[in-house]
Amino acid sequence: MKKKNKEDEKTPSQQDQNAFVRSVAEKKYEFGFTTDVQTEIIDKGLNEEVIRLISAKKNEPQWLLQFRLEAYRYWLTQTQPSWAHVTLPEIDYQAISYYADPTAKSKGNDKQEIDPELMKTFDKLGIPLEERMALSGMAVDAVMDSVSVKTTFKEKLSEKGIIFCSISEAVQQYPDLVRQYLGSVVPYRDNYFAALNSAVFSDGSFVYIPKNTRCPMELSTYFRINARNTGQFERTLIVCDEGSYVSYLEGCTAPMRDENQLHAAIVEIVVMDNAEVKYSTVQNWYPGDSEGRGGVLNLVTKRGHLRGVNSKLSWTQVETGSAITWKYPSCVLSGDNSQAEFYSVAVTNNHQEADTGTKMIHLGKNTRSTIISKGISAGRSQNSYRGLVRIGKNADGARNYSSCDSLLLGSQCGAHTFPYMDVHNNTATVEHEATTSKINEDQLYYCNQRGISTEEAVGLIVNGYAKDVINKLPMEFAVEAQKLLSVSLEGTVG
Amino acid sequence: MKAEQQYIELYREAAETITQRSCPVMNAERDAAFGVFQQQGFPTQKVERYKYTDVAAAFAPNYGLSLGQLDIQPSRYIYSFKDSPINLAPYYNKIADGADSITALNTALAHEGLLIYVPRNEHPEAPIQIDNWLRGTAATMMHRRTLILLEEGSEATIVMNDKADHPSPHFLTTQVMEIVCKANVHLDIYEIEETTPLCSRFSNVYIQEGRDSVVKHNVITLQGGLSRNLCDVYLQGENAEVTLGGCAIGSRQQHIDNNTLIQHQVPRCQSNELYKYVLDDQAVGAFAGKILVEKDAQKTTSQETNANLCASSEARMYTQPMLEIYADDVKCNHGSTVGVLDQTALFYMLQRGIPEAEARTLLKNAFMGQVIDQIQYRPLRDRLYVKVEKRFRGEHEKCEDCRLCK
Numbered sequence: 036m037k038k039k040n041k042e043d044e045k046t047p048s049q050q051d052q053n054a055f056v057r058s059v060a061e062k063k064y065e066f067g068f069t070t071d072v073q074t075e076i077i078d079k080g081l082n083e084e085v086i087r088l089i090s091a092k093k094n095e096p097q098w099l100l101q102f103r104l105e106a107y108r109y110w111l112t113q114t115q116p117s118w119a120h121v122t123l124p125e126i127d128y129q130a131i132s133y134y135a136d137p138t139a140k141s142k143g144n145d146k147q148e149i150d151p152e153l154m155k156t157f158d159k160l161g162i163p164l165e166e167r168m169a170l171s172g173m174a175v176d177a178v179m180d181s182v183s184v185k186t187t188f189k190e191k192l193s194e195k196g197i198i199f200c201s202i203s204e205a206v207q208q209y210p211d212l213v214r215q216y217l218g219s220v221v222p223y224r225d226n227y228f229a230a231l232n233s234a235v236f237s238d239g240s241f242v243y244i245p246k247n248t249r250c251p252m253e254l255s256t257y258f259r260i261n262a263r264n265t266g267q268f269e270r271t272l273i274v275c276d277e278g279s280y281v282s283y284l285e286g287c288t289a290p291m292r293d294e295n296q297l298h299a300a301i302v303e304i305v306v307m308d309n310a311e312v313k314y315s316t317v318q319n320w321y322p323g324d325s326e327g328r329g330g331v332l333n334l335v336t337k338r339g340h341l342r343g344v345n346s347k348l349s350w351t352q353v354e355t356g357s358a359i360t361w362k363y364p365s366c367v368l369s370g371d372n373s374q375a376e377f378y379s380v381a382v383t384n385n386h387q388e389a390d391t392g393t394k395m396i397h398l399g400k401n402t403r404s405t406i407i408s409k410g411i412s413a414g415r416s417q418n419s420y421r422g423l424v425r426i427g428k429n430a431d432g433a434r435n436y437s438s439c440d441s442l443l444l445g446s447q448c449g450a451h452t453f454p455y456m457d458v459h460n461n462t463a464t465v466e467h468e469a470t471t472s473k474i475n476e477d478q479l480y481y482c483n484q485r486g487i488s489t490e491e492a493v494g495l496i497v498n499g500y501a502k503d504v505i506n507k508l509p510m511e512f513a514v515e516a517q518k519l520l521s522v523s524l525e526g527t528v529g
Numbered sequence: 006m007k008a009e010q011q012y013i014e015l016y017r018e019a020a021e022t023i024t025q026r027s028c029p030v031m032n033a034e035r036d037a038a039f040g041v042f043q044q045q046g047f048p049t050q051k052v053e054r055y056k057y058t059d060v061a062a063a064f065a066p067n068y069g070l071s072l073g074q075l076d077i078q079p080s081r082y083i084y085s086f087k088d089s090p091i092n093l094a095p096y097y098n099k100i101a102d103g104a105d106s107i108t109a110l111n112t113a114l115a116h117e118g119l120l121i122y123v124p125r126n127e128h129p130e131a132p133i134q135i136d137n138w139l140r141g142t143a144a145t146m147m148h149r150r151t152l153i154l155l156e157e158g159s160e161a162t163i164v165m166n167d168k169a170d171h172p173s174p175h176f177l178t179t180q181v182m183e184i185v186c187k188a189n190v191h192l193d194i195y196e197i198e199e200t201t202p203l204c205s206r207f208s209n210v211y212i213q214e215g216r217d218s219v220v221k222h223n224v225i226t227l228q229g230g231l232s233r234n235l236c237d238v239y240l241q242g243e244n245a246e247v248t249l250g251g252c253a254i255g256s257r258q259q260h261i262d263n264n265t266l267i268q269h270q271v272p273r274c275q276s277n278e279l280y281k282y283v284l285d286d287q288a289v290g291a292f293a294g295k296i297l298v299e300k301d302a303q304k305t306t307s308q309e310t311n312a313n314l315c316a317s318s319e320a321r322m323y324t325q326p327m328l329e330i331y332a333d334d335v336k337c338n339h340g341s342t343v344g345v346l347d348q349t350a351l352f353y354m355l356q357r358g359i360p361e362a363e364a365r366t367l368l369k370n371a372f373m374g375q376v377i378d379q380i381q382y383r384p385l386r387d388r389l390y391v392k393v394e395k396r397f398r399g400e401h402e403k404c405e406d407c408r409l410c411k
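Just so you know, the sequences run in chain order A and B. With the working numbering as the guide, the letters of the first sequence map in order to residues 36 to 529. With the working numbering as the guide, the letters of the second sequence map in order to residues 6 to 411.
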């Protein structure tokens, strides 16, 4: 386990314990700074004109504008869903600006030149945009607000025929590919937030791995919200062609603000015959302060379609941020013998609320899926697992195993499990098990006995508990995730 | 609102007759309940607890309302509401969920009620058996209302049988059963359904438990058309314990939906749930069980298990075991499986010369045995073993003269 910072280690005295907890809560979100950069923000509000404006700014073809408008018209007919176990505030969609471009200043001169302020920001976040400085061998697409700032290693990847660029660029350069796959996994009619995203999506990444290619490096997108009163609506599309492999990472942070910020993203993944995609997320949006003020509303739709035989998709997520998380990375297993995995650690503290899980839709024969979910709730937070396993009529020999564990730290929080299993085939085997408990007193006592303070012991136990999932993350992320876990739970014991 | 309309009209026409034949305690709740029903109508499948059952379709046929009088000879423990030895007002329609449309409809239309009352510290020697026999030639609906009140320190075993003449016309039963258990009560209650494919049953059972009480509730669905059993348990006294059991055997177009909610409202209570389904032909099974542990209900232990076998390619199973927990010092588990018979066990038996059909029956019996083993009352347990085995062999008594089967 990673050692904590010196300043966080001081133990609170009995009387000013609350003050200590508060100070830690305020301190711990280390990405809460804002960048002072000239940002072009369009007027607040949402209407067809705004959509036309976004589309025009990106110089989009007519079909895409049409797609956006159809999505918008559909969105108008829908109402904000309320079924999740979170208290989603009434969002005023007219009070949000749907496009913020921090690169506007540099665009006038040279397109390749990036504002040094932006470079500094990403440096501060630990995301190297200079290729020579990148040690990790990871290609990064850095997105701030509505625009992709830079994509690294593009040339090196293109030698292998791999396309890795922002989706706006892909629309210009590979319109046929984008048109073929955009909205094919998550149609705009899928849900309320998917419709909203389809109407106003700004930037995100596009990945195409050609046949029989193993992507030589980890691909990564880093999302950053910076501007005030804007929403981020990114859209990621990953297509992995026959016999290929790619590992994709996603990270995100936002400044500390008193008001909620909206983030409604869509991720679509298409996996062809014998291909494999690994998608890992470390979600660390600003979670709001210890009183529950502010924080990002994280309302995303993520889905992978396993179209080919023997295809494989694995979702791994570590969710520590956001005031409200509403996220169900799903898999549609259409290809015979396809395999899907979902590994999740969701940590909620203070007033955070998370309703997250997955959907595994088995359609092909001998399809297999595994769900491992670990929820940790502390403070006054609510943490729910919600999952669906559906075995279609023709999914002979389908197999699912789900395991959902919840850990409660503190008597004010809640942990909930809502699994749904719909089985329409008699040769399928579906198993689900869940447990909810608090940290075992014996384990704590054992650690105390050996001179480990209670707070550190809790950290150890929680990390051990989450290990099944953390182990699935790529190396660089695993270290990051472990650090995040201990920081997120700071101040919950004692 | 089509299906609702005929019930709204029926109530307007029949309210007066029902009121005349009923008793004041029931009449007092009637109009308010009708108001709720009129406003809400039947729950659609968008209502979470009715997700798997199309209620409006079940109520759509034109049923005649049964207004016959119960002929209950007042005995030591069994009464009709009219002959109640105690004031029922503090209990009637109090723990039932008034916002539930089926409960509201039942409260509006039920004209008679059955009371099982066990006074303080009394232990009836023999189990109390209630048989509900559906007979007749025209499509009929019944609205049954039962109140079970066990005073402090009492004990009872209650067996309720739902039966129907075979073959039967369309029958529809709604049942609302309120069970109030005071401190230190021991109650075993069994509901056994053996009706016909044309019978629909909507049963809402509400159980309130006081300190140190122990309740076992089992629903055994052997034969029927549509069976919907809702069971809500409120653990309101410390150290109370509840065990919910269910065994459902579905074939042909049977639809079996069990929906449970156990609310742990105080510390140190215990709950266990075990539901098992075997589904054949085009049968549809649904199970949704929620354990809710409230903020102060520390030291709760809870175990929920749902295991299901799908024996044909057209059978469907929906299962949804849920935990909603607001206290930290708890131990709650749930497990749920849907699968096929253990292939290695089957192979082992075939190897030893047991014919495949026989081997399958043996395995299914063993599978259900786990639920039946929980039954405390020995004669009933033995009878159910025989019935379940016959059911799997297709020799169940209702199968003998049934023209629908085979």
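Mixed in with the good hints, there may be bad ones.
What the hints assert, rightly or not - Taking beta-carbon pairs under 8 Å as the criterion, some of the chain A residues facing chain B (in silico):
| hint | residue |
| --- | --- |
| 1 | Gln113 |
| 2 | Tyr128 |
| 3 | Thr489 |
Claimed, not checked - Think about it this way: if two alpha-carbon atoms lie no more than 16 Å apart in a straight line, the pair counts; the simulated EDC-like pairs of lysine to aspartate or glutamate are:
| hint | chain 1 | residue 1 | chain 2 | residue 2 |
| --- | --- | --- | --- | --- |
| 4 | A | Lys92 | A | Glu204 |
| 5 | B | Lys336 | A | Glu326 |
| 6 | B | Lys168 | B | Glu199 |
| 7 | B | Lys336 | A | Asp477 |
| 8 | B | Lys99 | B | Glu160 |
| 9 | A | Lys473 | B | Asp285 |
| 10 | B | Lys187 | B | Glu160 |
| 11 | B | Lys56 | A | Asp457 |
| 12 | B | Lys87 | B | Glu127 |
| 13 | A | Lys394 | A | Asp276 |
| 14 | A | Lys473 | B | Glu34 |
| 15 | A | Lys189 | A | Asp150 |
| 16 | B | Lys392 | B | Asp378 |
| 17 | B | Lys221 | B | Asp378 |
| 18 | B | Lys336 | A | Glu476 |
| 19 | B | Lys336 | B | Asp286 |
| 20 | A | Lys428 | B | Asp286 |
| 21 | B | Lys395 | B | Glu319 |
| 22 | A | Lys159 | A | Glu515 |
| 23 | A | Lys428 | B | Glu319 |
| 24 | B | Lys304 | A | Glu204 |
| 25 | A | Lys428 | B | Glu117 |
| 26 | B | Lys221 | B | Glu199 |
To be clear, the hints were calculated from the coordinates, so they are not data collected in a lab. For every residue, glycine included, the Cβ atom is placed at its ideal position computed from N, Cα and C.
Hint-by-hint comparison with the structure:
With its C-beta approaching chain B no nearer than about 14 Å, Gln113/A sits outside the 8 Å limit, and its interface hint is violated. For Tyr128/A, the suggested interface contact is broken, since its CB lies about 24 Å from the closest CB of chain B, more than 8 Å. Contact between Thr489/A and chain B, as hinted, is not supported at the beta carbon level, the nearest pair being about 15 Å apart and thus beyond 8 Å. Under the criterion of a C-alpha separation no larger than 16 Å, the hint pairing Lys92/A with Glu204/A is consistent with the structure, at around 12 Å.
For the proposed pair Lys336/B and Glu326/A, the alpha carbon gap of about 29 Å is over 16 Å, so the pair is violated. Distance hint between Lys168/B and Glu199/B is fulfilled; the C-alpha atoms sit about 5 Å from each other, no more than 16 Å. Restraint check for Lys336/B and Asp477/A: satisfied, since their Cα atoms lie roughly 15 Å apart, inside the 16 Å limit. With a C-alpha separation of about 22 Å, the suggested pair Lys99/B and Glu160/B falls outside the 16 Å cut-off, and the hint is violated.
With a C-alpha separation of about 41 Å, the suggested pair Lys473/A and Asp285/B falls outside the 16 Å cut-off, and the hint is violated. Restraint check: the Cα-Cα separation between Lys187/B and Glu160/B comes to about 11 Å, which is no more than 16 Å; the hinted pair holds. Under the criterion of a C-alpha separation no larger than 16 Å, the hint pairing Lys56/B with Asp457/A is consistent with the structure, at around 12 Å. Distance hint between Lys87/B and Glu127/B is unfulfilled; the C-alpha atoms sit about 23 Å from each other, more than 16 Å.
At roughly 23 Å between alpha-carbon atoms, Lys394/A and Asp276/A are farther apart than 16 Å, so this suggested pair is violated. Distance check on the hinted pair: Lys473/A and Glu34/B sit about 44 Å apart at the alpha-carbon level, beyond 16 Å; violated. Taking the CA atoms of Lys189/A and Asp150/A, the gap is about 20 Å. The hint is violated against a cut of 16 Å. Annotation: proposed proximity of Lys392/B to Asp378/B holds, straight-line Cα distance about 14 Å (limit 16 Å).
At roughly 13 Å between alpha-carbon atoms, Lys221/B and Asp378/B fall within 16 Å of each other, so this suggested pair holds. At roughly 13 Å between alpha-carbon atoms, Lys336/B and Glu476/A fall within 16 Å of each other, so this suggested pair holds. For the hint pairing Lys336/B with Asp286/B, the CA-to-CA distance comes to about 38 Å; that exceeds 16 Å, so the pair is violated. Annotation: proposed proximity of Lys428/A to Asp286/B holds, straight-line Cα distance about 14 Å (limit 16 Å).
Pair hint Lys395/B plus Glu319/B does not hold up; C-alpha atoms about 23 Å apart against a cutoff of 16 Å. Only pairs whose Cα atoms come within 16 Å are accepted, and Lys159/A paired with Glu515/A is accepted, the gap being roughly 15 Å. With a C-alpha separation of about 8 Å, the suggested pairing of Lys428/A with Glu319/B holds against the 16 Å cut-off. Taking the CA atoms of Lys304/B and Glu204/A, the gap is about 57 Å. The hint is violated against a cut of 16 Å.
Of the pairs offered as hints, the one joining Lys428/A and Glu117/B is violated, with about 46 Å between alpha carbons and a cut-off of 16 Å exceeded. For the given pair, Lys221/B sits about 20 Å from Glu199/B by alpha-carbon distance, which is inconsistent with the 16 Å threshold.
Hints 1, 2, 3, 5, 8, 9, 12, 13, 14, 15, 19, 21, 24, 25, 26 from the list above are not met by this structure, while the remaining hints are.
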